[in-house]
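**Q** Model the full assembly from the supplied sequences, consistent with the hints where possible.
Read off the chains here:
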Amino acid sequence: MNNVLTVENVCKNYGSFTALNNVSISVPKGSIFGLLGPNGAGKTSLIRIINQITLPDSGTVYLDGEILQPHHIQHIGYLPEERGLYKSMKVGEQALYLAQLKGMSKEEAKKRLKYWFEKFEITHWWDKKIQELSKGMAQKVQFIVTVMHSPKLLIFDEPFSGFDPINANLIKDEILNLRNEGASIIFSTHRMESVEEMCDYIALINKSNKILDGKLKDIKQQFKTNQFEVGLLSVNKVLLLNQINEKFTVENSQAISFNDDLRLLISLKNGETSKDLIEFLNNKAQITHFTEVIPSVNDIFLKSVASNS
Amino acid sequence: MDKLKLIIRREFFAKVKNKSFIVMTILSPLMVVGLFSLIIFLNEKNAEEIRTIAFVDESQKFSDAFDDSDAVKYIDLTSLGIDEARKKTKEFYYGLLLIPKSDSLNELSNGITFFSNDTPSLTVLSSIESKLEKKIRNLKIAELQIDVDKIKSIETKVTIAAENFSGEKSSKIGSLLRMAAGGGFGYLIFMFIIIYGTSVMRSVIEEKTSRIIEVIISSVKPFQLMMGKIIGNAMAGILQFIIWMVIGGILLFAITTYFGVGDVSSSSAQMAPEMVQQMQQSSNSDLQLVLQEIKNLPILTMFFSFIIYFLGGYLIYSSIYAAIGAAVDSETDTQQFMMPVLMPLVIAIYVGFSVIENPHGPIAVAFSLFPLTSPIVMLMRIPFGVPWWQLITSIILLIITFIGMVWFAAKIYRVGILMYGKKPSYKEIYKWLKY
Chain A
115 MNNVLTVENV CKNYGSFTAL NNVSISVPKG SIFGLLGPNG AGKTSLIRII NQITLPDSGT
175 VYLDGEILQP HHIQHIGYLP EERGLYKSMK VGEQALYLAQ LKGMSKEEAK KRLKYWFEKF
235 EITHWWDKKI QELSKGMAQK VQFIVTVMHS PKLLIFDEPF SGFDPINANL IKDEILNLRN
295 EGASIIFSTH RMESVEEMCD YIALINKSNK ILDGKLKDIK QQFKTNQFEV GLLSVNKVLL
355 LNQINEKFTV ENSQAISFND DLRLLISLKN GETSKDLIEF LNNKAQITHF TEVIPSVNDI
415 FLKSVASNS
Chain B
785 MDKLKLIIRR EFFAKVKNKS FIVMTILSPL MVVGLFSLII FLNEKNAEEI RTIAFVDESQ
845 KFSDAFDDSD AVKYIDLTSL GIDEARKKTK EFYYGLLLIP KSDSLNELSN GITFFSNDTP
905 SLTVLSSIES KLEKKIRNLK IAELQIDVDK IKSIETKVTI AAENFSGEKS SKIGSLLRMA
965 AGGGFGYLIF MFIIIYGTSV MRSVIEEKTS RIIEVIISSV KPFQLMMGKI IGNAMAGILQ
1025 FIIWMVIGGI LLFAITTYFG VGDVSSSSAQ MAPEMVQQMQ QSSNSDLQLV LQEIKNLPIL
1085 TMFFSFIIYF LGGYLIYSSI YAAIGAAVDS ETDTQQFMMP VLMPLVIAIY VGFSVIENPH
1145 GPIAVAFSLF PLTSPIVMLM RIPFGVPWWQ LITSIILLII TFIGMVWFAA KIYRVGILMY
1205 GKKPSYKEIY KWLKY
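Quick mapping for you: the protein sequence lines, in order, are chains A and B.
In case it helps, my numbering puts the first sequence at residues 115 to 423.
In case it helps, my numbering puts the second sequence at residues 785 to 1219.
Read the hints as simulated data drawn from the structure, not as lab findings.
Treat each hint with caution, since some may be false.
List of simulated lysine-lysine pairs, PhoX-like, C-alpha gap at most 20 Å [claimed, not checked]:
#, chain 1, residue 1, chain 2, residue 2
1, B, Lys803, A, Lys243
2, B, Lys787, A, Lys224
3, A, Lys351, A, Lys398
4, B, Lys801, A, Lys242
5, B, Lys789, A, Lys220
Here chain B is said to cover these stretches of chain A; the calculated rule only asks that three of the stretch's residues, wherever they fall, bring their Cβ under 8 Å from a Cβ of chain B [what the hints assert, rightly or not]:
#, segment
6, 183-192
7, 196-210
Even for Gly, the Cβ is constructed at its ideal location relative to N, Cα and C.
**A** Here you go:
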């Protein structure tokens, strides 16, 4: 079994509103899986079903090959977007309580907490109340609470909100660490640059339907448009531009450069290759820059959502 | 099951460790007992004050009519004359009783005047009146030349012993006790339902506003969380109740013994031995009567039904409170939902007043069967004796309602705790039931 989580044809309706329509995803073991989509697309509904907070109307969820059951709760760690802790409860007491709710014994929970508190250098917070901590500090505790029972599957919904850049980095490294130690991670966020940086797989949900999923690399390949960004030095800019325009579809690039006279986005037709373009340009001008345009996750997101609606 | 226990423990300690809980638990009985002892103290002080009443008896008939008592002493100023007596009384005494010169006893009955600095106390006046009445009566009897002793011998005091057909005795004191016990228990349940129901609601709202709710219910079922909260709070309530009873009991015992002992020693010193004996006898028999009546109360039934009805009523109402807490975002939004919840409770208390008057009337029976009012109304009826079939029917109805209400509340709770940011209407909540 290579997938830690398989969601098969899940549907969920709230009254007449359809939150999820026949959604299937698979999360491979040891990967970071980006769950993307606009607000209200159905991501949280899906995450809640995986966490057994709500039940699907139809469809099946498998964890590690088994149909999802109540005892699986201890193998899942969930950091919801709407999160918080009991304000008037002490940090240590609260973490112990939440760990025990996840099915850990008290001794085991203490040991694990000690490890994490030392790792984050916050052991002196043990007897503080949450309301005495800043938001960022409370978020650290919250992160520990999510991961302390070493779950197979971790679900982070906007994990970086509320963190300053330093702590966001710390959390990012911890997430990557957890992945390297074998945990699988579902990662839901609107920060596309972190998806780009961290995710191995993504799925895109829009208006209750999954419209795209797969390996991030493959999706990027799939969304390539055979477009190249080139920088050129030339004596006669106008003539050169006309010549290129005759043969290719050209747009001005947004990128600003001081090294070249022209910065262009050139799209090739089917059958044409980069080799053809280079040969053509090389005869006419000096090439200072040449890259294939790989779409960013942001572009893919916008494009897919736009074409879906 | 383990998780439910964990939740109950957390909720219990979260409630019990709360400063306001500790303060309330310890202070309330102190305040009640303090108030109680203040009243006793003031009464004692009042009783200690000795009033001296002067009288001028121009008719020469009443000089032996005024016996001194603990609180009132009489002094004969007839020899001083009216003017002198007035002056003296104004300065030194509580009041002056002026009995004019008259041969007709009937004339006298309207002609007597009492002068005083302040408005005289009613009890003092009526005590003087009764003394005068008694004397005039005796004088009249003498005028008619009837032997006073003979008259006395025909006076009979009648006491009716009330008893029901199964042989239980009842009396006025008994009825009073029943009213007090029933009213007290009913009111106590009313208070506990509101206090601890609101506490459940607050705790639900706190989980929503602090946004921990989703973290928790990814580990436990919403139903477990709700029940854990309700049970944890109930246990805190029972603990508080027991502490109140223990502290209150000890303090009351201490205070009554203190005052009781003080009373006997101070009064017996001034009284003739036979009077002391008499007094003790009479107070003893009063006390015995009260004790007897307390024994006659269906204490065991009352105790168990208190527990059953408290739990039943509390579970019904606190699950409604939990559902309300789940439906709203903040406590200020709860108003529109609170009215319908408080209504049956308040009605129950009002009905309770009439129940005490007529414990077996149709209203009493109806409201003590209706599960939303039965915890209060039935408890008020129980001291008066309730037929078993009514008790059992009402408990069965209570349990059915409680199960239905918890089921219903759990549905709203399950959806409500995950809804943020808007205040739902009744229509929307109805829709949640079908999710």
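**Q** Under the criterion that the straight-line Cα-Cα distance not exceed 20 Å, is the pair Lys787 (chain B), Lys224 (chain A) satisfied?
**A** Answer holds: Lys787 (chain B) to Lys224 (chain A) is near 18 Å, not above 20 Å.
**Q** Quickly compare the C-alpha distance for Lys789 (chain B) and Lys220 (chain A) to 20 Å and report which way the hint goes.
**A** holds, 14 Å
**Q** Within the assertion that chain B covers the segment 183-192 of chain A, do at least three residues meet a Cβ-to-Cβ distance smaller than 8 Å?
**A** holds (count 4)
**Q** Hint check: Lys803 (chain B) vs Lys243 (chain A), CA-CA at most 20 Å. Holds or violated?
**A** holds, 15 Å
**Q** Are at least 3 residues of the segment 196-210 of chain A within less than 8 Å of chain B when you compare beta carbons?
**A** It holds: at least three residues are needed, and the segment 196-210 of chain A offers 8 whose Cβ sits within less than 8 Å of chain B.
**Q** Quickly compare the C-alpha distance for Lys351 (chain A) and Lys398 (chain A) to 20 Å and report which way the hint goes.
**A** Roughly 11 Å separates the two Cα atoms, so the pair holds.
**Q** Between Lys801 (chain B) and Lys242 (chain A), does the CA-CA distance stay at or below 20 Å?
**A** holds, 16 Å
Violated hints are absent here; each numbered hint is respected by the structure.
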